[in-house]
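Colleague: One letter stands for each residue in the lines below.
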Amino acid sequence: MSKGWQRIFIPLMAVVIALAIASVIILFIAEVPGPSTGNLWNDFWNQIGVRFSFLGRAFQAMFEGAFGSQFAWMNTVIRMTPLILTGLAVGFGFRAGVFNIGAEGQMAMGALMATIVAVNIPGLPMFVAIPVCMLTGMLAGGVWAGIAGFLKAKTGAHEVISTIMLNWIASNITNWAVTAPFATGSGTPKSPEIAVGAKLPILFSIEATFLSYGIIVAVLVAFVMYIILYKTSMGYEVKAVGFNPYAAEYGGIQVSKNLIMTMAISGALAGLAGTLESMGLYYRFYGTLTSGKGFDGISIALIGQNHPLGIIFASMLISGLRTGSNQMQFIGVPKHIVTIIQSIIIFLVAAERMVRTIMGWDRKKKVKDGLAKSAS
Amino acid sequence: MDWLRALLDTITNPVFYRLTLSSATPLLFAALGGLFSEKTGVTNIALEGIMLLGAFFGILGSAFTGNPWIGVLLAMVAGLGLASLHAWASIRFCADQIVSATALILLAQGLTGFLLEPIFGQPGSTHIFNRVPEVRLTFLGKDTFLYKMIGTLSPFVYIAFALVIVTWILINKTRLGLRMRAVGENPEAADTLGINVFKIRYFGVMMSGILAGLGGAFLSVGELGQFSENMTGGKGFIALAALILGNWSPVGAMWASLLFGVAQALNEQLQSNPILSIPSTTKPLFNLLPFVITLIVVGGFVGRTRSPAASGTPYEKRG
Chain A
1 MSKGWQRIFI PLMAVVIALA IASVIILFIA EVPGPSTGNL WNDFWNQIGV RFSFLGRAFQ
61 AMFEGAFGSQ FAWMNTVIRM TPLILTGLAV GFGFRAGVFN IGAEGQMAMG ALMATIVAVN
121 IPGLPMFVAI PVCMLTGMLA GGVWAGIAGF LKAKTGAHEV ISTIMLNWIA SNITNWAVTA
181 PFATGSGTPK SPEIAVGAKL PILFSIEATF LSYGIIVAVL VAFVMYIILY KTSMGYEVKA
241 VGFNPYAAEY GGIQVSKNLI MTMAISGALA GLAGTLESMG LYYRFYGTLT SGKGFDGISI
301 ALIGQNHPLG IIFASMLISG LRTGSNQMQF IGVPKHIVTI IQSIIIFLVA AERMVRTIMG
361 WDRKKKVKDG LAKSAS
Chain B
1 MDWLRALLDT ITNPVFYRLT LSSATPLLFA ALGGLFSEKT GVTNIALEGI MLLGAFFGIL
61 GSAFTGNPWI GVLLAMVAGL GLASLHAWAS IRFCADQIVS ATALILLAQG LTGFLLEPIF
121 GQPGSTHIFN RVPEVRLTFL GKDTFLYKMI GTLSPFVYIA FALVIVTWIL INKTRLGLRM
181 RAVGENPEAA DTLGINVFKI RYFGVMMSGI LAGLGGAFLS VGELGQFSEN MTGGKGFIAL
241 AALILGNWSP VGAMWASLLF GVAQALNEQL QSNPILSIPS TTKPLFNLLP FVITLIVVGG
301 FVGRTRSPAA SGTPYEKRG
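Top line first, the protein sequences correspond to chains A and B.
The numbers in this note's numbering rise by one with no breaks, and the one at position 317 of the first sequence is 317.
The numbers in this note's numbering rise by one with no breaks, and the one at position 285 of the second sequence is 285.
Quick caveat, the hints were computed from the structure, so don't treat them as lab data.
All of these numbers come straight from a predicted model, not from anything done at the bench.
Just so it is clear, CB atoms sit at the ideal spot from N, CA and C, and this is done for glycine as well.
Some clues are possibly wrong.
Claimed, not checked - Non-contacting residues of chain B with respect to chain A, defined by C-beta distances greater than 10 Å in every case (computed):
1. L73
2. R136
3. T138
4. I150
5. L153
6. W168
7. E188
8. Y202
9. S272
As the list claims (entries may be wrong) - Here are a few chain A residues that face chain B, going by a calculated C-beta distance under 10 Å:
10. A157
11. I298
12. I341
13. A350
14. E352
When you get a sec, could you build the whole thing from the sequences and use the hints?
Modeller: Shown next as structure tokens:
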């Protein structure tokens, strides 16, 4: 198998293996007592049959919840919007050799700042309000990630630890903002509603559920990312630094400047993800707005092999799993199963040699992959 | 002025010292675990996930047997299991250690959240089960300052501090420790001298699993008697920062953990101090302080302290 095909095949294998392991877990937790016949052998086979039919129903529920109807499709596409962007955020970082695990916090900060602006600009026409809010969100996310980039460039602090810390800080700041100075109403902590001009127009709706133009923005951003990565010298530099920072430095690329810029761009994408959630879905900031969508970006980037097109497909997969898992929960499978599936996918893609060994491809040494090899 | 009075009030209260020790304990376990792994040249940022899994299995053991010590044992086994996965991926398959460890953190979060409801019957958190009893030093006298300070500590606290000495001796004074350091600094040279690099690295990572598992057990069966979802709340990462701040030495890690413990205890005590009467909505702003401190530590000290040279790089046998 050629190398190009392997790049597609390894994440696909990872997905298949992850689903298989998840199936085994579901088989074990199935709480469905089979009828007792008094015969141990028959009971055993009954149990097996009952458990497998439970598994079948679980996956059917998941599939129907994600793709089974027009409504299900719409929910999946709605959720894809932020996931494409967080996937791009993490994937762009990987390309440059940094692991931005902080998309969650950058998303929250972007959404919060954009919402603050969006709430305070009533009467502004749409063609001004929307770009202003989007840029605010991207700026906030970019600055938040830029802190980690700056620390890594100046002191060598590993971006994983610093972005995780920034996640916690962001989560506390946003929680504080929507419970104290920026709170409204009671119940779930939330901000006031944004101005009419800042709401993204609706593309398509079924009853009360609607899909905004945010999805178009996300896909356009993926396209721009493709152009930047493959058609510009900036993209070349980013990839060169990711591939071998020492060689890049020798070749005249300013590695530390590149690093800060990469983190900032990555954070801006995550910030935009949060901004679109506020402007196109909730029309306000919720304490639970991010709810893991930033972390989903990691598995999306890895499944999509950091390629914009791959990331779009991968975000459809993860979005489908997430929306489908709500349906699965109704028949008694906790939705944490999706986190388990994602973790196995990430693990297998990280240890891609494991997959290569299983497939019998690992005859020669192939240590280099696109990911960051640097660790503090 | 209120702030100064509140601060004075806090540091003259024995509870502050007790809280410092118990906040430092889980960090110390995990930091010592990280030390074992990093000394042999494998980065282990999965400490957070190992602690979480340890906390879960700790409660599981206590809930099913009624004996919290069985829970502690189970937590160590669970930690060992998760760390073995990390070791397997990063040593045998030369995986990207940061990414594979991230996967394991997610796995721990997913698995504990997933199993919580089917096993304990409710999402979010478990009921309260038997926890490891405190060591009561009644000879100090019931109402003395010293008794309130150290008289009712969990045995975990003693174990953690004893482990600092054990680890120091093991790393610096034994043959195994010398080999660990050799493998972590220069695996090629160690290999040439006939040291089994892979075996030593497996040992280091597995020890980190046992220790971080113990740290997690302290959080659940040691302190609260309860498990709640994502209860580690970043402690695994703070422990990594303690390891960096402590310059990859057991004693350094101890002082760093204590420093973070002080920060945590101050934070909690000031929040609930009657002189300040802080409104509950402002509490998130206090809770972000430990993370800011960690960020500053990681940003400010990482260049000045020195990690084992081969830490984070996979080793491949040549020829």
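Colleague: With reference to the structure, classify each hint as holding or not holding.
Modeller: Hint check:
1. L73: Given that every Cβ of chain A is farther than 10 Å from that of L73/B, nearest at about 23 Å, it holds.
2. R136: holds, 35 Å
3. T138: Consistent with the label, T138/B stays out of reach of chain A, its closest Cβ about 40 Å off (over 10 Å).
4. I150: holds, 30 Å
5. L153: holds, 27 Å
6. W168: holds, 23 Å
7. E188: Label holds. Min Cβ-Cβ 15 Å, cutoff 10 Å.
8. Y202: Since the minimum Cβ distance to chain A is about 15 Å, Y202/B lies beyond 10 Å and the statement holds.
9. S272: holds, 17 Å
10. A157: Hint on A157/A: holds, closest Cβ of chain B at ~4 Å, below 10 Å.
11. I298: At about 7 Å, which falls below the 10 Å cut-off, the nearest Cβ of chain B leaves the hint on I298/A intact, so it holds.
12. I341: holds, 8 Å
13. A350: holds, 4 Å
14. E352: holds, 8 Å
Consistency note: the structure conflicts with none of the earlier hints.
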